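Q: In order, the protein sequences belong to chains A and B.
Be aware that the first sequence starts at 1, since it is given in this note's numbering, and climbs by one per residue.
Be aware that the second sequence starts at 1, since it is given in this note's numbering, and climbs by one per residue.
No wet-lab data here; the hints were simulated from the structure.
Wrong hints could be hidden among the right ones.
Each pair may be met inside one copy or between any two copies, as identical chains are not told apart.
What the hints assert, rightly or not - With a Cα cut of at most 25 Å, we get these calculated DMTMM-like pairs of lysine to aspartate or glutamate:
(1) K25 to D6
(2) K66 to D6
(3) K25 to E35
(4) K66 to E9
(5) K25 to D65
(6) K66 to E42
(7) K25 to E62
(8) K66 to E28
(9) K25 to E68
(10) K66 to E41
Bear in mind the structure is a predicted one, so any value in this text is a computation, not a measurement.
The residues making up each chain are set out below.
Number of protein chains: 2
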Amino acid sequence: MTTPPDGWEARGRPTSWFRRFTFAKYAETRQFLEELAALSEEMGLHPQNINFATTHANITIEGPDKGEPGETEHRFAQRINALAAPRVEP
Amino acid sequence: MTTPPDGWEARGRPTSWFRRFTFAKYAETRQFLEELAALSEEMGLHPQNINFATTHANITIEGPDKGEPGETEHRFAQRINALAAPRVEP
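The following block holds chain A by itself, in its conformation from the complex (with noise of 0.2 Å):
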């Protein structure tokens, strides 16, 4: 079983991974949603879910045909990490 990486959470069966990245206003949000996107079409990989709202953005990624996340979805979570640096509230 791949370990997520820092500030993701292992959840369920088959496992997912789950994280949720907090800004400072709502610019900051889509911004960050923005950037997403263009990586999950660099990447040919989307997060399984995204929920967010004025400040906030929860996402869930998956594994390939349901299966658990590997090595493929530990760098997109990386990269997803890399993107909210320069922003997210601690």
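Since chain A is already given, all that's left is putting chain B on it; use the hints.
A: For chain B alone, coordinates are given in the frame of chain A:
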């Protein structure tokens, strides 16, 4: 109390409006979300919450200051309906 437009359901107290939009594929879901972001910018309004996955987007609209949706939100919800109309699955 303002009645929600077609397809929207009034929920909770204070009332918010909810609608689930379903699409044939991820690219259509993304397109809808991008157009919704542009509409939000134009109107200076955004949904209180959006939850989306590969082929659906669930949208919740609140009124100003956590109050009930009014005429402004009614126009916003109608315009969201119009965005989705060409693509939405029955």
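Q: Run every hint past the structure and note whether it holds.
A: Quick rundown of the hints versus the structure:
no., hint, verdict
1, K25 to D6, "within (23 Å within a copy, 31 Å between copies)"
2, K66 to D6, "within (22 Å within a copy, 34 Å between copies)"
3, K25 to E35, "both (16 Å within a copy, 20 Å between copies)"
4, K66 to E9, "within (17 Å within a copy, 31 Å between copies)"
5, K25 to D65, "between (35 Å within a copy, 16 Å between copies)"
6, K66 to E42, "within (21 Å within a copy, 38 Å between copies)"
7, K25 to E62, "between (28 Å within a copy, 17 Å between copies)"
8, K66 to E28, "between (30 Å within a copy, 21 Å between copies)"
9, K25 to E68, "between (33 Å within a copy, 22 Å between copies)"
10, K66 to E41, "within (20 Å within a copy, 35 Å between copies)"
Of the numbered hints stated above, none is contradicted by the structure.
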